[in-house]
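Residue numbers (numbering that gives the first Met the number 0), protein chains in the order written: chain P, 0 to 616; chain E, 0 to 154; chain V, 0 to 291.
For the record, the hints were derived by calculation from the structure and aren't laboratory data.
Among the hints, erroneous ones may be present.
As the list claims (entries may be wrong) - When the alpha-carbon atoms are kept at most 30 Å apart in a straight line, the in silico DSSO-like pairs for lysine-lysine are as follows:
{"hint": "1", "chain 1": "P", "residue 1": "Lys-476", "chain 2": "P", "residue 2": "Lys-137"}
{"hint": "2", "chain 1": "P", "residue 1": "Lys-330", "chain 2": "V", "residue 2": "Lys-260"}
{"hint": "3", "chain 1": "P", "residue 1": "Lys-549", "chain 2": "E", "residue 2": "Lys-4"}
{"hint": "4", "chain 1": "P", "residue 1": "Lys-137", "chain 2": "P", "residue 2": "Lys-330"}
{"hint": "5", "chain 1": "P", "residue 1": "Lys-549", "chain 2": "E", "residue 2": "Lys-5"}
{"hint": "6", "chain 1": "E", "residue 1": "Lys-62", "chain 2": "P", "residue 2": "Lys-549"}
{"hint": "7", "chain 1": "P", "residue 1": "Lys-400", "chain 2": "E", "residue 2": "Lys-142"}
{"hint": "8", "chain 1": "E", "residue 1": "Lys-135", "chain 2": "P", "residue 2": "Lys-549"}
{"hint": "9", "chain 1": "P", "residue 1": "Lys-549", "chain 2": "P", "residue 2": "Lys-400"}
{"hint": "10", "chain 1": "E", "residue 1": "Lys-4", "chain 2": "E", "residue 2": "Lys-103"}
{"hint": "11", "chain 1": "E", "residue 1": "Lys-103", "chain 2": "P", "residue 2": "Lys-549"}
{"hint": "12", "chain 1": "E", "residue 1": "Lys-142", "chain 2": "E", "residue 2": "Lys-103"}
{"hint": "13", "chain 1": "E", "residue 1": "Lys-5", "chain 2": "E", "residue 2": "Lys-142"}
{"hint": "14", "chain 1": "E", "residue 1": "Lys-140", "chain 2": "P", "residue 2": "Lys-549"}
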Amino acid sequence: MLVGRKDSERKAIVQISAVAIGIVSLLVLIFGYDKGTLIFSVNPEPVSQIMFFIELVLAGYILYLGIRHRKLLTVFLILFQACLLLYFELGFSRNLHIGNNLFLDQFSLIMALIAGIIGSLICVYAVGYMETYHDHHKEIRDRRSLFFGILFIFISAMFGLVFSNNLLWVFFFWEITTICSFLLIGYSQSEEATNNSFLALSMNLLGGVAFMAALIYLAIVDPTGQLLGLNYLLSSGKAVALVPAVLICFAGITKAALMPFSSWLVGAMVAPTPVSALLHSSTMVKAGVYIIIRFAPVLSGTTEGLIIALVGGTTFALASFIAISQNNAKKVLAYSTIANLGLIVACAGVGTYNLMWVAILLLIFHAIAKSLMFLCVGTVEHRIGSRNIEDMGGLIVRMPKIAIMMFIGMAGMFLAPFGMVISKWAAIEAFIMAPVGLIFIAILAFGGSATVFFWSKWMGKIISVMRDQPVIEDTIKKEKWAVLYILTGLVVIVCLIFPLISSILIEPFVLNIYGQTTRLSQANLSIMLMMLCLLMIMPLSLLFYRKGTKYAPPYMAGRPVEGHMRFAGSMGVSRELELSNYYMTSLFGEERLFMVGTSLCWALLLFAGILLVGVIL
Amino acid sequence: MTYLKKSPWLLHYDASSCNGCDIEVLASLTPLYDIERFGIINTGNPKHADIFLVTGGVNVQNKQVLINTYEQIPEPKVVIAIGICATSGGIYRECYNILGGIDKIIPVDVYVPGCAARPESIIDGVVTALGILEQKRLAMKTKTETKMVKAGDAR
Amino acid sequence: MIPEYLMPFIKAFLYILLAPVVGGLIAGIDRRVTARMQGRVGPPLLQPFYDLAKLFEKENLVVTASQNFFVLSYLVFMAVAGALFFSGGDMLLVIFAFTLSHIFLVLGAYASYSPYSHVGAERELLQIISYEPMIILTAVGMYMVTRSFFVSTIVTSNIPIILYLPGVFIGYLIVLTIKLRKSPFDLSTSHHAHQELVKGVTTDFGGPNLGKIEIAHWYEYVFLLGVVWLFFAWNPLIAIVAIIIAYFIEILIDNTFARVKWQLMLRSAWIIAGTLGLVNLGVLYYLRMVVP
Chain P
0 MLVGRKDSER KAIVQISAVA IGIVSLLVLI FGYDKGTLIF SVNPEPVSQI
50 MFFIELVLAG YILYLGIRHR KLLTVFLILF QACLLLYFEL GFSRNLHIGN
100 NLFLDQFSLI MALIAGIIGS LICVYAVGYM ETYHDHHKEI RDRRSLFFGI
150 LFIFISAMFG LVFSNNLLWV FFFWEITTIC SFLLIGYSQS EEATNNSFLA
200 LSMNLLGGVA FMAALIYLAI VDPTGQLLGL NYLLSSGKAV ALVPAVLICF
250 AGITKAALMP FSSWLVGAMV APTPVSALLH SSTMVKAGVY IIIRFAPVLS
300 GTTEGLIIAL VGGTTFALAS FIAISQNNAK KVLAYSTIAN LGLIVACAGV
350 GTYNLMWVAI LLLIFHAIAK SLMFLCVGTV EHRIGSRNIE DMGGLIVRMP
400 KIAIMMFIGM AGMFLAPFGM VISKWAAIEA FIMAPVGLIF IAILAFGGSA
450 TVFFWSKWMG KIISVMRDQP VIEDTIKKEK WAVLYILTGL VVIVCLIFPL
500 ISSILIEPFV LNIYGQTTRL SQANLSIMLM MLCLLMIMPL SLLFYRKGTK
550 YAPPYMAGRP VEGHMRFAGS MGVSRELELS NYYMTSLFGE ERLFMVGTSL
600 CWALLLFAGI LLVGVIL
Chain E
0 MTYLKKSPWL LHYDASSCNG CDIEVLASLT PLYDIERFGI INTGNPKHAD
50 IFLVTGGVNV QNKQVLINTY EQIPEPKVVI AIGICATSGG IYRECYNILG
100 GIDKIIPVDV YVPGCAARPE SIIDGVVTAL GILEQKRLAM KTKTETKMVK
150 AGDAR
Chain V
0 MIPEYLMPFI KAFLYILLAP VVGGLIAGID RRVTARMQGR VGPPLLQPFY
50 DLAKLFEKEN LVVTASQNFF VLSYLVFMAV AGALFFSGGD MLLVIFAFTL
100 SHIFLVLGAY ASYSPYSHVG AERELLQIIS YEPMIILTAV GMYMVTRSFF
150 VSTIVTSNIP IILYLPGVFI GYLIVLTIKL RKSPFDLSTS HHAHQELVKG
200 VTTDFGGPNL GKIEIAHWYE YVFLLGVVWL FFAWNPLIAI VAIIIAYFIE
250 ILIDNTFARV KWQLMLRSAW IIAGTLGLVN LGVLYYLRMV VP
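Given the sequences, and given the hints that come with them, work out the whole structure.
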């Protein structure tokens, strides 16, 4: 990957690798779906040493960059983390004997599928995207070989992360994803990009420090290293596992960009769109919530778990509100991602068996729909030269196929009977049975309404029919179309077959951990299926209205409408009409709500920290 | 028998009137005359209207507006010219900006002269228009039926 | 007799057939009572049906063809959601299905790209998000009292739900005003003679499309009053009286209050209704935990 310099070579390598990764993921699925949990004993030795060595090298590299760019916080954090790492290695690693280093269970399968299929699709898309990107931005240095190299390293790291049982290995892959994110955000090397990449790095490093602290704690508690095996840790009961669980979940919170750490994700939107689609909506941030969901059985019923859930819930509500006031398309998507991740964490933090089911369902639906949205927005941005939603008016005339795909993607995010609504519905029904669930139901009700508002607003903007607009989507390359079609198809198909996914993968997983599982009732499933079919048939009605329909201009108080949005004003002057959405910044403004969210969540986290210290002592 | 007679919705437009006739039109909507008991509603929107009540002689600037609004009313529709200004320009007939009577711009079905026209005459005019509306509706129906029959013959 | 599993389908079918009739009659009574309150005589009771028939006699005038699709979807999903409710389905799913149908109306208004429709659509969205939390809280409240989200269970329970959910009921009445498009919350579109923004959301719909929107509104009336019934389901007679009184209060409020700005609507729906509902539910929650 790093070698292929010419475009056509690169394209071929990417496409072949992507297909290969996709096929391998599917093979793993077919092989593993009914096997329960498989544990693989792999000799950790040379691997762990190599990992340690790479970690030190990377730490040195970050230190160098941090000093060069004068980022004190980064320097401090990386030094701190490196010291912890050295302390761990020198102090404990000699005695550690961890046998079961790799494992495979249904949840890992799901994550691997997401990373493998969606990841590969995005890489294929990225080839065409980056070509246009460099055409439009001649001032940015062309480091595409590095770009694609890192993308594939990242996907491998994701695979490593979800298949590792050894927490040390999980940490290694965790840090690799952090570095990949850092390098990719700073790709354009502009000042803003560099600052944002360091912001992301610092916050993720903070999480890394917490992760390291958890590892040290575990090594102190059990010098033989047994507890560093994830499956062993999870089954050893809350008394032992709570402290590391909370620390690792803190790392998960930073990686998933929940409040108060959400600014890095919003800032990461300066990166090229495939990066946003891959890292910052479908996979890397999902690693954060993945680890929190893993620890959900430990957190369930505890106060710390409740606090983590509240952090997630607050993030969900406030991020949804903030998204209302944003008109930058990528920022809206970023805040929506943050909100949905918050919801997943809220489910995981409360951690009852049905909430875990909901959390995994949310994860799947969100990954697919959001990546589709990001890719569409990227394509639109290249064609119309703007990320502003206000400039996307009339997209259904200018780029009909893309507009319809965006419509499906957005519908997937908030409309019944698509995925996210199913998950929200299941979440309400699950929260109501959980202790203190009422707070979360309120958060879901109000936050959910906010999501309806900003998605419908955007949808309306796209489907408004402006007259006399040229069609500009013919220049999009074939590979991009292929990827977009596949993703759109996936959104619909996953909605159709989710009961299947649920019974094959999710329910056995939940059953294994909790001893009981849940599903949507048969009656409800059939109704939703019927609605989905109805929804798919309805557009055919457009064919019936061909004849007998008379067209008239919209009512503009009788002012003659000439062409697109120009009307004859008084004194015979032709005026242009601009329609823009409500952004309500006074109510839902970013700064105000951000302050509220950050302070609330810091308070919650400090509270959790105090409780934790109490547990340790 | 059509239902247009039972539920005619008005659109009222002032094409450069002195407002005398407009006040009389609005007076018909008040509880004293209460034309809502006949199902008549004053909508402000041409796309919802059946009867187009126009007052005033048209001037150069609202000529296009009048045409525009008329075209946005779905068939079947009737136009009632209220007041003598709408019929022929009235006392403003000689003015440089008045085009003189709305039938120079759009086809008119009923004329209600008067300066200002009294609510009783206006209601009378509306009732006459209802009859014309019904005829138009029946004509529309037979036209579509003939079209369908012709299509059948062509096969 | 009719087998058990067919009952929901029959109920749904009856709803789809009869709800427009019942809804139209309610609309007719509404106009008559409003007229009497204003010192007028008012139209005959069957006037809404005449209006509907007339609308279907007009030609289909649209700004863009997609409007036909959106309005049809609005009507179809409204009927589906209401049918789901009356056949005893899951209340939350019913709520989400209703939201789906309303979004279609909003999209239909957006499609025409005209200023009045556009602002009307934005306001309609604001109305939707104003009442949605409260309606979800209503469903949650019903669950907390009857232990089920299914309307079939709630309707047949013997518990006087209203005694447990007074706050939720008042909150529901507040958002009912929004849903019925009555002053002071008739921002996006309203009954005739209450115009603002011309006709708001429904400005650029004419003829048959407007007729379909009317039918959809009637389906909705029946559903909304059905929810009021649920609060009193344990005694059908009281339920009918409650529905009549509630609707009468709505008409009274409609005729006495002026339209407010959207900020006030959003605030009053979220803060007042939300607080009432949440406090009510919180008390119930606490009682349930302390008193098993």
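* What are the numbers of the hints the structure violates, in ascending order? -> Structure breaks hint 7 only.
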